[in-house]
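Participant: Residue numbers (the numbering used here), protein chains in the order written: chain A, 1 to 331; chain B, 1 to 331; chain C, 1 to 331; chain D, 1 to 331.
Honestly, the hints are just simulated from the structure, not real lab data. Warning: the hint list may mix true and false statements.
[What the hints assert, rightly or not] Some chain A residues near chain D, calculated using beta-carbon distances under 7 Å: (1) 182; (2) 187; (3) 191; (4) 232.
[Stated by the list, open to error] Pairwise CB distance ranges (calculated): (5) B/132 / C/185: 38 to 48 Å; (6) A/257 / B/84: 50 to 60 Å; (7) C/185 / B/77: 22 to 32 Å.
The C-beta atom is built at its ideal place from N, Cα and C for all residues, glycine as well.
4 protein chains.
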Amino acid sequence: MPDVVVCGASGYAGALAAHLLWRHPAFELRAVTARSDVGRRLDDLYPRHRVPLVLEELDLERHGKVDAAVVAYPHGASAPVVSALLDLGTKVVDLSADFRLTDLEVYERWYGEHGAPDRMDEAVYGLTELRRQEVSGATLVANPGCYPTATLLALAPLARAGAIADVVVDAKSGVSGAGRGADDTTHFVSADENVTPYGVGGHRHSPEIDQELAALGADVPAAFTPHLLPLDQGELVSCYVTPRREMDDAELRGLYLEAYADEPFVELADRPPGVREVRDTNICRIFARADERTGKLMVFATIDNLWKGAASQAVQNLNLMFGRPEGEGIS
Amino acid sequence: MPDVVVCGASGYAGALAAHLLWRHPAFELRAVTARSDVGRRLDDLYPRHRVPLVLEELDLERHGKVDAAVVAYPHGASAPVVSALLDLGTKVVDLSADFRLTDLEVYERWYGEHGAPDRMDEAVYGLTELRRQEVSGATLVANPGCYPTATLLALAPLARAGAIADVVVDAKSGVSGAGRGADDTTHFVSADENVTPYGVGGHRHSPEIDQELAALGADVPAAFTPHLLPLDQGELVSCYVTPRREMDDAELRGLYLEAYADEPFVELADRPPGVREVRDTNICRIFARADERTGKLMVFATIDNLWKGAASQAVQNLNLMFGRPEGEGIS
Amino acid sequence: MPDVVVCGASGYAGALAAHLLWRHPAFELRAVTARSDVGRRLDDLYPRHRVPLVLEELDLERHGKVDAAVVAYPHGASAPVVSALLDLGTKVVDLSADFRLTDLEVYERWYGEHGAPDRMDEAVYGLTELRRQEVSGATLVANPGCYPTATLLALAPLARAGAIADVVVDAKSGVSGAGRGADDTTHFVSADENVTPYGVGGHRHSPEIDQELAALGADVPAAFTPHLLPLDQGELVSCYVTPRREMDDAELRGLYLEAYADEPFVELADRPPGVREVRDTNICRIFARADERTGKLMVFATIDNLWKGAASQAVQNLNLMFGRPEGEGIS
Amino acid sequence: MPDVVVCGASGYAGALAAHLLWRHPAFELRAVTARSDVGRRLDDLYPRHRVPLVLEELDLERHGKVDAAVVAYPHGASAPVVSALLDLGTKVVDLSADFRLTDLEVYERWYGEHGAPDRMDEAVYGLTELRRQEVSGATLVANPGCYPTATLLALAPLARAGAIADVVVDAKSGVSGAGRGADDTTHFVSADENVTPYGVGGHRHSPEIDQELAALGADVPAAFTPHLLPLDQGELVSCYVTPRREMDDAELRGLYLEAYADEPFVELADRPPGVREVRDTNICRIFARADERTGKLMVFATIDNLWKGAASQAVQNLNLMFGRPEGEGIS
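With the hints as constraints, model all of the structure from the sequences given.
Facilitator: What follows is the structure, encoded as C-alpha cells:
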C-alpha cells in the first residue's frame, strides 16, 4: 500500500486532504506537516476531520521517503518543497499555483519569482476530466485552482467546439476559499450578510483560466470576476458566452451530454444548480442554456471549492497516478 | 400635513414603507391595509418596525380619502386598486409591476391581463435619480423593481453616452427579495449555505430593464440573470459592458462623476462595494472600472432591495410629489 | 441481504435515512414512500442525497413485504402504519413520537389520540447507547427525538449516579429541526440573524426527557427550553445541574469516562464543543465541567439533529436489530 | 453645543458611537482617535457608518479640551486615558471594564493591574434604567458590558423583590460581541453553521453580573455561560430562576409591568423575543414566564450588543450627563 504525506495540513485544503487520505482504503497517511501549529494534533485543530496525527515540521529525511505527497503550501513556498520531494522519488500533487502556469514569464508577473522553474515542464495540469491520460502517467500534478476547475468544466465543451467568441465569468465563492488566514475579509462580521466583488480585473486565477481555455481551443481572455459570499464551502461560476455562431438549446445540451454523460463526477442538471447540491462531494454540477432573447449561451457550474476545487480532486489525481480506481476514497 | 395610507402592509416592502411613513415628519400615516393578517397589529407581525396600527381590510370609502397611498400589492392585484384611488384624487406610488411597462403587449406577455390598461399612460417610472422632474409632477408613480433600480443606476451614464454595445448583468439578491411567501425556495434550509441562479433567460425584470435602457439610449437586450444569496436584505448587480468604443478608466470614472457627483443617494466607491455598506439605507453605491485585459467596462452597484429597491425609494418619490425635500424621512 | 423501505422520505429525516440506506452495504433500499411529492424522484427533491428512486404512495401490499421499514411520518400518522407493518412481520424503526412515551395518558395530553395504543408495549426506546441490548432484540424501535437524544446522553452518567437534584436544559437547534414545512418560522428572513426561544414551558420533548431521566434514576422535571438558531443542521444542549452532593471536576470527568470511553459514537471533548464538529455524523460530543463558583455541574452535548438526532441513529438501531455491526453505513 | 471625542473609534463599539454622535443633534463630534488605523478615514473603514473623519492618534493637548469623551479602549488601556481626560475636566463614558467593578481586588483577579485605582470611586455604573439619577450627575460613567446589560435588565425586578434563590443565565451573542480582532474564533468559517459555549465557568462578565445583582438584592452567584452564535449583532439571555417562594404568571408579569411600563427603552413582549426585533436599536425586549411544571421563573431578554450593549447606551448616558432628553439621537 503506497504511503503518503500531506505537507501543509494546517490549512483548509491540506486538512481535508489529510482527512480523505486517512480514510482512504488504498493509501496510508504517514504524516501531516505544517508551517504553523506544529505539535498540535490535527483533530484538535479540525475536530470534524478526526485525524489523530500530530502536525510535524517538514523533515525531508523522514517525510521524503514516501511514495506520494500532497503539498498544500502557499504559492512560492511550494515549488522548492515539491522539487525536493521529486528528487527523492516521491510523486507529488501540488495544490499551490506554482506549477499550473506553463509560461514562466506569466507566472512571474502574477506571483513573483519561481522557486523551481526547471521543473515546470514536468507538471501536468490536473483537471482530471480534461487530462485523465496525462495525469495517470505523471509524477507531478499541478492541482487546478478552484475557480479554474469550475470554469473550465463549464466551458470545455464550448471551447472545444470552437464556439466561444467572448465570455464573461461571474464567479461566487464561500469564505473557505479565502483560506484560514484571519483578517478583515474573513472576519465573520465582514462576510456575514454581505456579498463583495474582489480581484476586479486582476485575479490570479485569470491567467490560469486563459491558458487552459486556449489549450481547449478558445483563445479569448475571459472577463473573470469573483465574489465573496456569506457561506462556508461552495462555488458557483455563471458563464455568459457570446457564441461564434448561433446555437439553440438542443445543440447546446447535446454538446454537454456528449462531453460528460460518462463522467462519474460531472452531473448535468435540468435546472440551475445550487452549491448545496455538491457540498462535501467531488462533483461538478452543470446547467447550460441557450438564451434566445440575447443569443447568449449561459452555463452555470457548481463545485465544493475545498473538495473538487482542491482536496478531493487531489485525491482523484493521486488515485490515477497510482493506478487506483479514480473515485476511490472520494465517492 | 398630507395623510397617507399603505395598502399591502403585510408584505416586506409595504411593512417597511409603513415604518418609514410612521416616522416621517411630513406625512401622517392614517392606516395600513392588507389582504392577509387583517386584524393583527403591524408591530406584532413586524416587531422591529414598531408601527402600532392594526391591519385593516381595504375600504375605499375610508381609505380612499387620503392625499397619498403607497400600494404594495402583487402585480395584477394592484392595478384596479391604484385606478380606484386615482379616481378618488389620491396620489399613488405603486410598488407592483403594473405600471412600469409602457407597452401593454409586453406587460401581458410577462404578467397576463392588465387590470387598468387605460391608466398606463398616466404613470411615471419612478427611478428618482433618472426622472426627478417627471416624478415631481406625477399623480401616479410606478416604483421600479429592485433589480432595475440597481441595474439602471449602474448603467445610465454609459447608456446615455451611447457606449453600450452589449451587456451582461449578473445580479445577486438576498432572500427578502423573494417576498414573505413561505415555500421551498425561501425556507431557511434551502437558502442557507447556498447560492442559486434563477429565472435564467426569463426573469420578469428583463423587459423593465430593457425598456429603460432603451429610453436611456442603449437599445440592447441585457443578459440579465439573478441569483439567490444566503442573506436577508441586499442586492448587488455586476454589469459587464462591451463598449461601442474603447474607454479607459479615467474616462469611465469621469462619466460617473459627472452623472452622480451631486446625487445625495448615489455614492461612487473607490473599491468594489459590499451590500452591507448600504443596508437599511436609500443609497446606491457604485464602483466602475475599465478592464484593460478584456476591454470590458465593469460596473458594480449595490442597494438594499427593500429600501432603495422598494420602500424608501417610494418615500423618496412621495416626497417629490408633495414638494418635500427628497431625502426627508429616509436619510 | 435484508430489504428495507423508507416511509415518509420527502421530509428531511426520511430523505436522509433513504440516503444512508441507499449506500448501506448490508441493506437494500427497495422503495421510498411519501405523502406529498409522490411521483417525484428523490434526487430531484434532494439532489445532494443522490437517491435515484421515485417517491411512491405507501401500498402495504407491495411495501409491506420487506424485512425492515424506517417510518418518518408525523406523530399521529405514524402509529397505524407502524402497526400494519408489524402485522406483516416487518421490523420497524419509527422516527415519530408515537411510541416513545410509555404512558398513554401522557401521550394523549401532549399529542392527542394515539393510533395504536395496544402496540405501545412492544416498542423499545432506541437511544442506542443506553438501550443497546433491548434494541438488538426489538421488532419496533421508537427512535428518540433529537433534543432527548442529546440531553439524555449528556445527563445519563449523572442521572445514574443519582447526582441530579435539579437541572436546566437550554437547547439550541438549527432550522432543519423544525422540518421541511415552509412557514413564518422557517422562512429565511425570519431565522437569519436571529435567535428565538420557543415552546417555552411546554415543548413536546419535555415528557420524553422526563420519562427517560426518571428511568435513569433522576426523577426531576428538567427545565427544558429550546431555541431556534440561524444554521441548518446541528444541536447543542447546555445542561446546568444542581448536584445532590458536591462534585469536583475530577470526579465528574471520571463518571463520563467510565460511561463513554468505549462508545464509538460518543466523544468526550476537552473543551466546549461546537455543533460543526459533529455535522453529518452520528457522533455526540460532550464536555462536562464542575463549576466551583456556583457549585453547578455543566454539561454540553452536540449532535447533528438530522443524523444522531434522527436518521443515522435509526440506521444504528436497524444495524443492531439485524445483527450487523452497529456503525455500518454511518461511520 | 457640547463637543465630544470618541477614543478608540476603530473598533465596532467605538465606530458605532462615532456614527451616533456624528448625527446627534445636541453634540458635536470633534474627532475620532484610534490606536490602529490612524490616518484612515472612518468612512473608509466602516463605509456604512458614513462618518467622514480621519482617525487620529490621541493627543490630550488637542482632544482633551472637549466637553465629553466616549472611550472605547480595551480594559487596562482605558483607565489611564480616562483618568487624564477627567483631569482636564472632560466628562467621560468609558466602554471598557476598567471602572465597572467597585472592588479593586476583584478587578485585579479578573483583569490584572488597574491603571487608575484611585478613580474607581468616581465612577457610576451606567445601566441607565437602574441608575438614572446617579448617571445624570456623574462625570465618569462606566458603561456596562453587553451581557450584564441584558442580564440585569432581565433580573432586576426579581432581584429587587428578593425572589431569586438561584439563577442560571444561558447567554447567546452574535460575533460582533467578540470584537474586530481577526482570529480563529471570529473567522467566518469557524463561526458559520456553528454554536459554541465559551468562557465556561469563568467569563469576565460574571463578577460584574454578581456585583450588580447583589446591589439589587440578590446575593447569589449567577451560573452565567455565554455562547457564540452565527450572526452579526444581537444578544439573548435566557434566565432560569429558582424562586425563593412560589410565583405564578400573573404575579411575575405584574412585577415586570411595574418595573418597566414607563421605560422608553424596555419592551415587555407577550411571546419569546428574537434578537432581530431589537437590531440597531437601544431597546431591551423582555419576556417573563412562570413555569408551572418546574416551578422555575424564566426570563428572556434581547438587546443589540453593539447598541444597548455598548454604543447607544453610552449615548443614552451622555444625554443624561448633559441634561439632554435621554433618547436623543438614539431613537
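Participant: Next step is simple, just say for each hint if it's right about the structure.
Facilitator: Here's how the hints hold up against the structure:
Checking residue 182 of chain A against chain D: minimum C-beta separation of about 4 Å stays under 7 Å; hint holds. The interface hint given for residue 187 of chain A holds, since its Cβ lies 5 Å from the closest Cβ of chain D, which is under the 7 Å cut-off. Hint on residue 191 of chain A holds. Least Cβ distance to chain D is approximately 4 Å, under the 7 Å limit. The beta carbon of residue 232 of chain A is positioned within 7 Å of a beta carbon in chain D (closest approach about 5 Å), and the interface hint is therefore held.
Our hint of 38 to 48 Å for residue 132 of chain B and residue 185 of chain C holds, since their Cβ atoms are close to 42 Å apart. One distance hint, 50 to 60 Å for the beta-carbon pair residue 257 of chain A and residue 84 of chain B, holds here, with the actual separation near 54 Å. At roughly 26 Å, the beta-carbon separation of residue 185 of chain C and residue 77 of chain B lies within the given 22 to 32 Å, and the hint holds.
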